[in-house]
Amino acid sequence: MKKLIASGAKTVDSPQKSPGRNWTIMEKLFLGLTLQQYIGQAIRNPLNWIFGIIFAIGIPIILGRFLFGLSWVTHSSNDYPWGLFLAFGLFGMVPLSSSGFQLGTACEVFGRHDLEPIERLGLLNGLLGYFFAVVYLMIDLGQPWRLPYPMAVAFGPASVLFLVAWHVSTYLSVQIAEVSVSFFEWIGFPIGIRAIRKITLGLTVSGIILSTLHQGALGALFTYAPGKVHPLWYSSSFQWIHFFVSSIPGGLCMVIAVSTIASNTMSWRFDKRFRDSLDRITISLAKGASMGLATYLTIKLLSIAHDNKWGYFMTGYGQWYLVEIMIGVIVPMFLLAYAIHHNKVTLIRFGAFLVVFGIFLNRLNTAYITFNWKLSYREIPHWREVAISITVYSIYIVVYRFIVYRLPIFYQWRTQEELAPAYATETETEIEAKALKNAEAAAS
Amino acid sequence: MKRRDFLKGCLIGGAAASLGVPSKSWAVGSFEGYPDAMGVLVDTTRCIGCRSCEAACNKEQKLPEPDVPFDDTSVFKEHRRTTEKAYTVVNRYEAKDGQKPPYRKMQCNHCNEPGCLTSCFVNAYTKTGEGAVIYDAKVCVGCRTCMVACPFNIPAYSYSSAFAPVVKKCIFCYHTRLKFGKPPACVEICPREALTFGLRFDLIKMGHERIRETPDRYVDHIYGEKELGGTSWLYLSRIPPEQIGLDETVGNEPIISNVKEFLGMVPMVLTIWPALFSGIHLLATRNKDHGDAHHNHSEQEDGKK
Amino acid sequence: MQKRGFWLAGLMVILFLASVPGTSRGITVPDNVTLHSQSKLYEPFNFPHAKHILLVKECSYCHHHTTGTLEQDPNCIRCHRNSSETKVVSCRGCHQSDPFSAVAIKEKNKKIYHLDKPSLKAAMHRNCIDCHEKMKKGPIACQACHVYTKAGAAFYNTGEFAPKNKPAKGGHGGH
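Chains as they are written, first to last, in our numbering: chain F, 1 to 444; chain B, 445 to 749; chain G, 750 to 924.
Hint data in this document are derived by calculation from the structure and do not stem from the laboratory. There may be inaccurate statements among the hints.
For each label pair, taking beta carbons as the anchor points, the in silico distance ranges come out as [stated by the list, open to error]: (1) F/His306 with B/Glu692: 19 to 27 angstroms; (2) G/Leu819 with B/Leu507: 45 to 53 angstroms; (3) B/Gly542 with G/Val805: 23 to 31 angstroms; (4) B/Asp664 with G/Lys866: 20 to 28 angstroms; (5) G/Pro797 with B/Thr658: 54 to 62 angstroms; (6) B/Gly542 with F/Ile380: 33 to 41 angstroms; (7) G/Pro797 with B/Asp664: 38 to 46 angstroms; (8) F/Gln319 with G/Gly887: 53 to 61 angstroms.
Okay, derived cross-link-like pairs now, EDC-like style, lysine to aspartate or glutamate, Cα gap no bigger than 20 angstroms in a straight line [unchecked claim]: (9) B/Lys544 with B/Glu686; (10) G/Lys855 with B/Glu504; (11) G/Lys859 with B/Glu504; (12) G/Lys859 with B/Asp480; (13) B/Lys529 with B/Asp511; (14) G/Lys836 with G/Glu807; (15) B/Lys529 with B/Asp541; (16) G/Lys860 with B/Glu686; (17) G/Lys866 with G/Asp847; (18) B/Lys626 with G/Asp865; (19) F/Lys344 with F/Asp276; (20) G/Lys789 with B/Glu504; (21) G/Lys855 with B/Asp646; (22) F/Lys3 with F/Glu27; (23) G/Lys855 with B/Glu574; (24) G/Lys899 with G/Glu909; (25) F/Lys287 with F/Asp114; (26) G/Lys800 with G/Glu882; (27) G/Lys859 with G/Asp847; (28) G/Lys866 with B/Asp646; (29) B/Lys626 with B/Glu574; (30) G/Lys899 with B/Asp516; (31) F/Lys309 with B/Glu692; (32) G/Lys855 with G/Asp865; (33) B/Lys623 with G/Glu856; (34) B/Lys626 with G/Asp847; (35) G/Lys883 with B/Asp541; (36) G/Lys857 with B/Glu653; (37) B/Lys626 with G/Glu856; (38) G/Lys899 with B/Glu504; (39) F/Lys374 with B/Glu522; (40) F/Lys374 with B/Glu538.
Glycine included, each C-beta is placed from N, C-alpha and C at the ideal position.
Let's have the full structure, built from the sequences with the hints guiding it.
Dropping the structure here:
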């Protein structure tokens with residue numbers, strides 16, 4: 001894509017293709033390229049080859065899960081009813097998708113409009129994370145077509161999962177509404193934009209209410225099985241607080257991680273505002289994340305003290321716990337603190353990836369690896385379960401990429417009035433100058 | 445406020461307060477079980493591992509053919525658990541005192557306040573007045589939280605079914621027997637009456653009486669009398685319950701006690717958060733032109749480059 | 750004088766005869782008992798009563814205090830010090846065959862002492878087999894007494910009804 005732009009292709013960042021002629025939806029879908037150019041750039045991308053292999057193997061297996069049942073893709077364990085689909089796909093992805101409510105609240109409620117360039121990425125990250133968590137859930141449920149049952153057919157309000165079901169469905173609607181602004185800008189539906197803008201504050205506040213509760217509720221689910229989760233990962237009084245507090249650095253660092261990947265693979269999509277402010281914003285997000293990490297570490301130690309579990313550190317599980325805390329919390333906490341102080345953005349980005357890894361590890365540990373710690377055996381997931389998890393995550397990445405290639409997430413949609421670009425991508429003169437330079441370099 | 449209004453208010457308030465006199469039931473914090481609930485006393489000192497109970501359950505509940513005949517005792521080589529094909533299994537344990545190895549029948553314990561029932565978000569489980577914890581397959585979504593919540597690891601899932609997998613567990617023969625006051629199939633067939641059927645309250649007294657009359661035969665504990673808020677299936681044992689596979693660390697609180705803290709917090713958050721964050725919003729954005737911030741920045745910074 | 754002596758002798762004969770235990774007076778003691786209450790699952794089988802009388806000798810060893818020498822167990826003597834023989838000596842006289850029916854549970858007299866009385870089936874199994882184990886003689890295993898009927902073999906999925914397709918261990922059969 002970079003090459004195409006260097007050779008003169010115009011990115012779609014406003015309704016107008018050329019004076020008097022607007023982009024059509026098809027053209028917008030194809031990034032303003034011809035079909036040949038589009039397919040060409042897709043084939044040239046080596047990441048797409050990897051995705052191709054993953055989908056070739058994974059998608060038939062996903063179909064097989066629905067045709068042959070869960071017994072074909074899991075070990076049909078009655079002791080380990082929850083496997084990778086939930087431990088990784090749901091419990092892992094949801095805390096990392098808390099960026100939606102965090103950035104929404106920061107900008108709209110706390111008034112931090114300096115974070116606006118990344119607000120949309122935070123909202124989109126949140127929406128896609130929750131959406132694909134539900135996809136993983138649909139794959140995991142025994143009878144996924146009955147998913148609406150707790151909403152409409154039979155109610156079990158004493159159950160924490162009831163709360164999760166209601167909240168996630170409500171929150172998905174909230175997030176769709178928040179992200180829809182970008183979508184309406186892109187397709188040109190100003191009425192929708194105005195309607196959503198009016199209720200943005202209400203959406204944001206409901207977002208933070210719902211998020212606090214269901215991030216916590218996912219943790220509270222494990223209080224149904226107090227003896228089954230290893231004591232170091234379990235806290236009878238504070239499980240939900242652990243899950244909620246860890247989602248704070250999780251979401252912020254996920255946004256940093258995604259913006260890092262984007263700046264390395266698709267910086268052509270950034271507009272000047274985004275490119276100029278990204279480093280500063282990354283540091284701001286890191287500040288929030290490091291406060292979250294410090295708080296999280298403290299409450300973890302507090303809950304171990306609360307139940308006097310220090311003795312467990314001497315066991316094998318104790319050492320594994322220290323590994324998780326080191327990699328996921330302590331090391332990134334110090335890295336971020338140092339990097340914020342010395343303005344080293346690359347170090348912040350590395351720390352953010354460690355936090356994301358640490359969150360996945362924590363949820364996998366709580367829900368799967370240390371689950372049933374009293375039983376004599378650990379379950380190793382079925383290879384098809386692993387394949388499906390990787391495939392769905394790849395679909396998530398592809399959908400993510402599809403959206404940010406097109407919608408005004410990394411750039412601002414320039415309206416009709418300001419086609420004399422104040423925040424254009426490279427101007428045509430700049431592109432010409434670059435092309436000349438390349439030609440000169442090639443000649444010499 | 446005028447004096448008259450104040451006095452009126454006091455009168456009305458006083459009347460309202462006196463009407464709402466809390467009855468005794470408000471103070472009850474635990475559920476002791478329905479008064480006419482039945483139960484089964486499992487006397488593991490009487491069990492010889494003949495597995496007739498497994499056979500009877502298999503036929504009564506119309507379960508599929510087992511992998512191994514029911515009179516085959518080689519199954520005791522390893523500890524089994526309940527599965528989608530076996531609502532109850534008998535396991536053999538080691539007797540560390542050199543006496544005969546004890547056997548224990550494992551099945552749903554039909555707790556007074558079950559973890560499965562508490563955790564189900566479509567209310568698929570019901571604790572009936574007769575004491576059985578039964579399951580409604582018609583609303584089950586297959587989330588398998590009940591399997592996570594059961595401290596005894598009893599519910600099994602019919603993973604082998606592609607289109608209608610459901611939870612499988614002992615239902616105390618409710619639909620075919622308990623509803624009509626009859627004992628479950630396993631109790632009826634047991635040749636040595638290791639399983640005694642009766643009112644739960646009576647069984648507890650009976651169990652304590654057995655311990656009192658033959659104290660050398662039993663550990664002085666009825667497992668399930670208080671565990672997890674009480675269960676309908678109670679166990680007597682010659683050796684500590686831990687050694688016959690009964691978890692002694694479960695405590696006397698029902699599973700829901702662990703979750704109540706969080707559940708109680710939910711309406712608090714739903715009420716406090718809106719005011720809290722609206723308040724923060726007002727504090728944070730006072731005097732700042734919040735409305736303009738939504739418009740394109742280009743308008744404010746036009747010409748700046 | 751002879752007339753009075755005659756009546757006295759007659760009275761003594763009657764008293765003497767009355768003190769003889771009922772079994773010696775000719776009340777039927779079965780030599781063999783056919784046990785067939787589980788007739789659906791098992792064939793009826795024979796219990797050799799005469800053999801047991803020769804081996805055990807003391808009736809009360811099996812028949813508790815319904816007949817034979819009075820039970821000397823201190824736990825029993827407390828109440829049964831003066832108990833005499835009961836009309837029905839066999840197990841069936843006290844042990845119900847269906848103690849858990851709805852009627853039996855509802856009408857259970859909670860004021861009697863022996864609330865925890867085993868059923869007929871349990872009483873026989875525990876009384877008989879526990880003694881066989883102690884004496885190390887006599888049948889203990891289930892099939893030593895109970896031969897399966899066809900229905901019984903089907904019930905236990907054994908013999909000709911044994912499962913034919915034994916699934917391979919491993920595969921997707923999880924724990």
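Verification of the supplied hints:
| no. | hint | result |
| --- | --- | --- |
| 1 | F/His306 with B/Glu692: 19 to 27 angstroms | holds, 23 angstroms |
| 2 | G/Leu819 with B/Leu507: 45 to 53 angstroms | holds, 50 angstroms |
| 3 | B/Gly542 with G/Val805: 23 to 31 angstroms | holds, 29 angstroms |
| 4 | B/Asp664 with G/Lys866: 20 to 28 angstroms | holds, 23 angstroms |
| 5 | G/Pro797 with B/Thr658: 54 to 62 angstroms | violated, 31 angstroms |
| 6 | B/Gly542 with F/Ile380: 33 to 41 angstroms | holds, 38 angstroms |
| 7 | G/Pro797 with B/Asp664: 38 to 46 angstroms | holds, 41 angstroms |
| 8 | F/Gln319 with G/Gly887: 53 to 61 angstroms | holds, 58 angstroms |
| 9 | B/Lys544 with B/Glu686 | holds, 17 angstroms |
| 10 | G/Lys855 with B/Glu504 | violated, 24 angstroms |
| 11 | G/Lys859 with B/Glu504 | violated, 31 angstroms |
| 12 | G/Lys859 with B/Asp480 | holds, 16 angstroms |
| 13 | B/Lys529 with B/Asp511 | holds, 9 angstroms |
| 14 | G/Lys836 with G/Glu807 | holds, 18 angstroms |
| 15 | B/Lys529 with B/Asp541 | violated, 34 angstroms |
| 16 | G/Lys860 with B/Glu686 | violated, 35 angstroms |
| 17 | G/Lys866 with G/Asp847 | holds, 12 angstroms |
| 18 | B/Lys626 with G/Asp865 | holds, 18 angstroms |
| 19 | F/Lys344 with F/Asp276 | holds, 16 angstroms |
| 20 | G/Lys789 with B/Glu504 | holds, 15 angstroms |
| 21 | G/Lys855 with B/Asp646 | holds, 12 angstroms |
| 22 | F/Lys3 with F/Glu27 | holds, 19 angstroms |
| 23 | G/Lys855 with B/Glu574 | holds, 14 angstroms |
| 24 | G/Lys899 with G/Glu909 | holds, 9 angstroms |
| 25 | F/Lys287 with F/Asp114 | holds, 14 angstroms |
| 26 | G/Lys800 with G/Glu882 | holds, 17 angstroms |
| 27 | G/Lys859 with G/Asp847 | holds, 17 angstroms |
| 28 | G/Lys866 with B/Asp646 | holds, 14 angstroms |
| 29 | B/Lys626 with B/Glu574 | holds, 11 angstroms |
| 30 | G/Lys899 with B/Asp516 | holds, 17 angstroms |
| 31 | F/Lys309 with B/Glu692 | holds, 19 angstroms |
| 32 | G/Lys855 with G/Asp865 | holds, 15 angstroms |
| 33 | B/Lys623 with G/Glu856 | holds, 18 angstroms |
| 34 | B/Lys626 with G/Asp847 | holds, 10 angstroms |
| 35 | G/Lys883 with B/Asp541 | holds, 19 angstroms |
| 36 | G/Lys857 with B/Glu653 | holds, 17 angstroms |
| 37 | B/Lys626 with G/Glu856 | holds, 14 angstroms |
| 38 | G/Lys899 with B/Glu504 | holds, 18 angstroms |
| 39 | F/Lys374 with B/Glu522 | holds, 17 angstroms |
| 40 | F/Lys374 with B/Glu538 | holds, 19 angstroms |
This entry does not satisfy hints 5, 10, 11, 15, 16, going by the numbered hints stated previously.
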